[in-house]
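> For the record, the sequence lines run as chains B and E.
This note's numbering runs 202 ahead of the 1-based position in the first sequence.
This note's numbering runs 108 ahead of the 1-based position in the second sequence.
Read the hints as simulated data drawn from the structure, not as lab findings.
Using N, Cα and C, we set each Cβ at its ideal position, and we do this for glycine too.
Treat the hints with caution; some may be incorrect.
Pulled from the structure, derived: some chain E residues nowhere near chain B, Cβ distances all over 10 angstroms [as the list claims (entries may be wrong)]:
hint, residue
1, K110
2, R147
3, F168
4, I183
5, A190
Covered, in the sense of this in silico footprint (three residues per stretch, anywhere, with C-beta under 8 angstroms from a C-beta of chain B), are these stretches of chain E [claimed, not checked]:
hint, region
6, 121-132
7, 209-217
Partner residues aside, some chain E positions facing chain B, computed with beta carbon under 10 angstroms [claimed, not checked]:
hint, residue
8, W160
9, M161
10, D164
11, T189
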Amino acid sequence: MSLRGRIFAVIGLMVAAAFLQAGAVVWFETLRDSSGEAMMRAGQRFDHQTRMNRVVAQLENEHRSYLLIGLPVFRADFDRRWREYVNLPTLLVQYVDEEQDKKSVAEVDRQLQQWHQMVTDLMDRREQLADLPRVWQDQTAPPMRRIQNALDANQRRDFVLLNDQIRNASQLNFNNAIFTLALPAIDIIMLLVLVTVLARILLDPLAAIAESARQISGGNFDVRLPPARRDEIGALVKAFRDMSTAVQFRQRDLSSALSREREMSQMYSALRTNAEQESARLQATIATVPAALVILEAPSGRVVLQNTAADMLIGREPDAEADQQLYWESFHASYRDGRRCPVDEWGPRRALRGEVVVGQELIVKPQDGRTVPILVSAAPLRNDLGVITGAVAAFQDISNLYEIDRLKSEFVSIVSHELRTPLTSIKGSLQLLLTDVPMPDPDHRVLVDVALSNTDRLVRIINDILDISKIEAGKLELHPRPYDVHELVNLSIQSVGQIARGSSVALTPIVPPDIPKVNADPDRTIQAIVNLLSNALKCAPARSEVTLEVRSDPPGFVTVAIADRGRGIPAEKLSQLFQKFQQIDGADTRKLRGTGLGLAITKALVEMQGGSVGVTSEMGQGSTFWITIPVVK
Amino acid sequence: MKLLLAEDEPDVQLIARLSLKRAGFQVVPVNNGLEVLERVGAEAPDAILLDWMMPDMDGFETCMRLKADPATRDIPVIFLTAKVQESEVARALALGAAGCIGKPFDALTLGQQVLTILGK
Numbered sequence: 203m204s205l206r207g208r209i210f211a212v213i214g215l216m217v218a219a220a221f222l223q224a225g226a227v228v229w230f231e232t233l234r235d236s237s238g239e240a241m242m243r244a245g246q247r248f249d250h251q252t253r254m255n256r257v258v259a260q261l262e263n264e265h266r267s268y269l270l271i272g273l274p275v276f277r278a279d280f281d282r283r284w285r286e287y288v289n290l291p292t293l294l295v296q297y298v299d300e301e302q303d304k305k306s307v308a309e310v311d312r313q314l315q316q317w318h319q320m321v322t323d324l325m326d327r328r329e330q331l332a333d334l335p336r337v338w339q340d341q342t343a344p345p346m347r348r349i350q351n352a353l354d355a356n357q358r359r360d361f362v363l364l365n366d367q368i369r370n371a372s373q374l375n376f377n378n379a380i381f382t383l384a385l386p387a388i389d390i391i392m393l394l395v396l397v398t399v400l401a402r403i404l405l406d407p408l409a410a411i412a413e414s415a416r417q418i419s420g421g422n423f424d425v426r427l428p429p430a431r432r433d434e435i436g437a438l439v440k441a442f443r444d445m446s447t448a449v450q451f452r453q454r455d456l457s458s459a460l461s462r463e464r465e466m467s468q469m470y471s472a473l474r475t476n477a478e479q480e481s482a483r484l485q486a487t488i489a490t491v492p493a494a495l496v497i498l499e500a501p502s503g504r505v506v507l508q509n510t511a512a513d514m515l516i517g518r519e520p521d522a523e524a525d526q527q528l529y530w531e532s533f534h535a536s537y538r539d540g541r542r543c544p545v546d547e548w549g550p551r552r553a554l555r556g557e558v559v560v561g562q563e564l565i566v567k568p569q570d571g572r573t574v575p576i577l578v579s580a581a582p583l584r585n586d587l588g589v590i591t592g593a594v595a596a597f598q599d600i601s602n603l604y605e606i607d608r609l610k611s612e613f614v615s616i617v618s619h620e621l622r623t624p625l626t627s628i629k630g631s632l633q634l635l636l637t638d639v640p641m642p643d644p645d646h647r648v649l650v651d652v653a654l655s656n657t658d659r660l661v662r663i664i665n666d667i668l669d670i671s672k673i674e675a676g677k678l679e680l681h682p683r684p685y686d687v688h689e690l691v692n693l694s695i696q697s698v699g700q701i702a703r704g705s706s707v708a709l710t711p712i713v714p715p716d717i718p719k720v721n722a723d724p725d726r727t728i729q730a731i732v733n734l735l736s737n738a739l740k741c742a743p744a745r746s747e748v749t750l751e752v753r754s755d756p757p758g759f760v761t762v763a764i765a766d767r768g769r770g771i772p773a774e775k776l777s778q779l780f781q782k783f784q785q786i787d788g789a790d791t792r793k794l795r796g797t798g799l800g801l802a803i804t805k806a807l808v809e810m811q812g813g814s815v816g817v818t819s820e821m822g823q824g825s826t827f828w829i830t831i832p833v834v835k
Numbered sequence: 109m110k111l112l113l114a115e116d117e118p119d120v121q122l123i124a125r126l127s128l129k130r131a132g133f134q135v136v137p138v139n140n141g142l143e144v145l146e147r148v149g150a151e152a153p154d155a156i157l158l159d160w161m162m163p164d165m166d167g168f169e170t171c172m173r174l175k176a177d178p179a180t181r182d183i184p185v186i187f188l189t190a191k192v193q194e195s196e197v198a199r200a201l202a203l204g205a206a207g208c209i210g211k212p213f214d215a216l217t218l219g220q221q222v223l224t225i226l227g228k
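Can you build the whole structure from these sequences, using the hints too?
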């Protein structure tokens, strides 16, 4: 039964109870009314009976007085009494319900009628009667006594009846009062019962649900719910149970999600701690490395991280965005040769465009006015998608290198100067001595000659060292210009003329007449050709031929090939020939008097002009050294 | 032909002097650039041989001063230097020098080289 039905049923019951109560009150009232009536009837009956008895007693008294005394007044009274009597039985019988009592009244009346007949007869004949007292005593008194006894009995019975009725009525009254008083009590009890029942059917489940909800909200899902009933509470309980289950599942999901989340968060925080440590380590590393490190963000080029070394080297980037461009411009970066380096060509800027810059050499002027040569290396930083997010740039202060370089150049320059000065004296002295002083002993001439040739060799060594140091320092300047190959060849042959003249080796130039002009620094190109020619002349056996052949090939170049008929060079040595201080060991080499730098210088001079060098050699057949020189375009 | 020879190294100065004398030059040796400027007016040389590196006043400055003075501007200046690098030669020529002779010079042909530079 639904809760609503139940509530309506309860209200119905209450209405029914109210009607019942009203009915009961009415019934009790009716009962009390009828009992009052019965009591009144019993009272009337008792009154009439008593009057009858009193009248009968007076009849007895009057008849006795008349019989014994004989005064007419007594007779009159007697008759009056009788007339009073004759209506009484009829009156009395109206109030008698019981047939037996009616009969008893009628019997008494009949006896009394007989008695009256007899007494009246006797009184009429009083005069004739003798011994009247006897008559009364024997004839009238005995029936009268019987009648009176019967009447007394009736009266006693009626009295009892009246008493019964009175008691009955008073009992009824009492009951009625009790009942009337009891009704509110019953109402209260009913209300209590109702409230209890309502509480049981309505509030207890709600309270249980409320308690369950409280428990569930406290996290305890192991709660007992009221049994499911087929009513709204049942529906509520069911809904609540469903909700509780759902909440439990949700709670489970949530708690597992929470624990997952907690794990994630722990993992995340571990990772973060890790990352922070790594970052701190990295930052400490960045801060302490001697190299100046700067990390820029793309595309703004703002400095996001700069270490102490960078602070000291280039200073801090200003915070204001507008000042940044000016800041970078303020360095007046230039290349080593003095050309201005635009800000966009700076290594970090190039890295921001995706370029990897290694060892860009710049000379910058930070705001404090210093001039600092730096080596810039920079690389772009990319995210997972390959998008450039920034750049890391390292600046290395190479002032020390510059200083060392400068000192080296200075050293070489000073040393060469300091060496040349005494050599000038020695050489001049020897030359003048040899030319101007007569020497009868030929051995003396030879000795002076040896001294002179060694002086020349020393000069060549110094020159070669100067050249190689300039080449290595990048300070060798070339001034290429269109130049006639014939002249190059002639000037070269002139330079080695002395060596050639001093030997029995023939030097044969082979130059096609239509050879194009080359684009070359003549002095340095002649130096390269002379190096090769003098090597060839030195290697060539006596009375052999050294050829200098010029060819117009490969395309865009002129090849100058110098071939000797010497012993040749072992294949494994060929690759080392053009390195510094490489000389071919062997019986002849000691008299070759090279510096070990000639081929290295030749290679450098040729390559600096865009050409190349090479050698082919066959043991016993000789060697061919060649260089290529770019032609004028 | 009269040459003013400025060379701080006595030995080199001697060799150069002998070498040039042998070639028929009249040589007035001095020890530095200051002396060149002091003597150039009085000696009126046909040419001046300047060592590049000298104490008190080096060849570079001496040459500059000679070329700045209208009285001496037209006297040819030849550098006698151990610095035979192209840049130095170029600087020397830029200053108005007639030429450069590298050290160590050839004592037998020094006079000839001077004459070649002077165009004679």
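> Give a verdict on every hint.
Now the hints, each set against the structure:
Interface exclusion of K110 of chain E from chain B stands, the closest Cβ pair being 21 angstroms apart, more than 10 angstroms. Non-interface status of R147 of chain E relative to chain B is upheld: no Cβ of that chain comes within 10 angstroms, the nearest being about 23 angstroms off. The claim that F168 of chain E is not at the interface with chain B holds, since no C-beta of that chain comes within 10 angstroms of its own (minimum 14 angstroms). Distance to chain B confirms I183 of chain E as a non-interface residue, since its nearest Cβ pair spans about 24 angstroms, more than 10 angstroms.
The non-interface label for A190 of chain E is inconsistent with chain B: the shortest C-beta to C-beta separation is roughly 4 angstroms, within 10 angstroms. For the region 121-132 of chain E, the assignment as covered by chain B holds, since 6 residues bring a beta-carbon within under 8 angstroms of that chain's beta-carbons and 3 suffice. Check on the region 209-217 of chain E: 6 of its residues sit with their Cβ under 8 angstroms from a Cβ of chain B, so the three-residue criterion for coverage holds. Interface hint at W160 of chain E: satisfied, since its Cβ lies 9 angstroms from the closest Cβ of chain B, which is below the 10 angstroms cut-off.
Look at M161 of chain E: its Cβ gets to within about 7 angstroms of chain B, closer than 10 angstroms, so that hint holds up. A hinted interface residue such as D164 of chain E counts as satisfied when its beta carbon comes closer than 10 angstroms to some beta carbon of chain B; here the least separation is about 17 angstroms, so the hint is violated. For the restraint placing T189 of chain E at the interface with chain B, the shortest Cβ-Cβ distance is roughly 9 angstroms, inside the 10 angstroms limit, so the hint holds.
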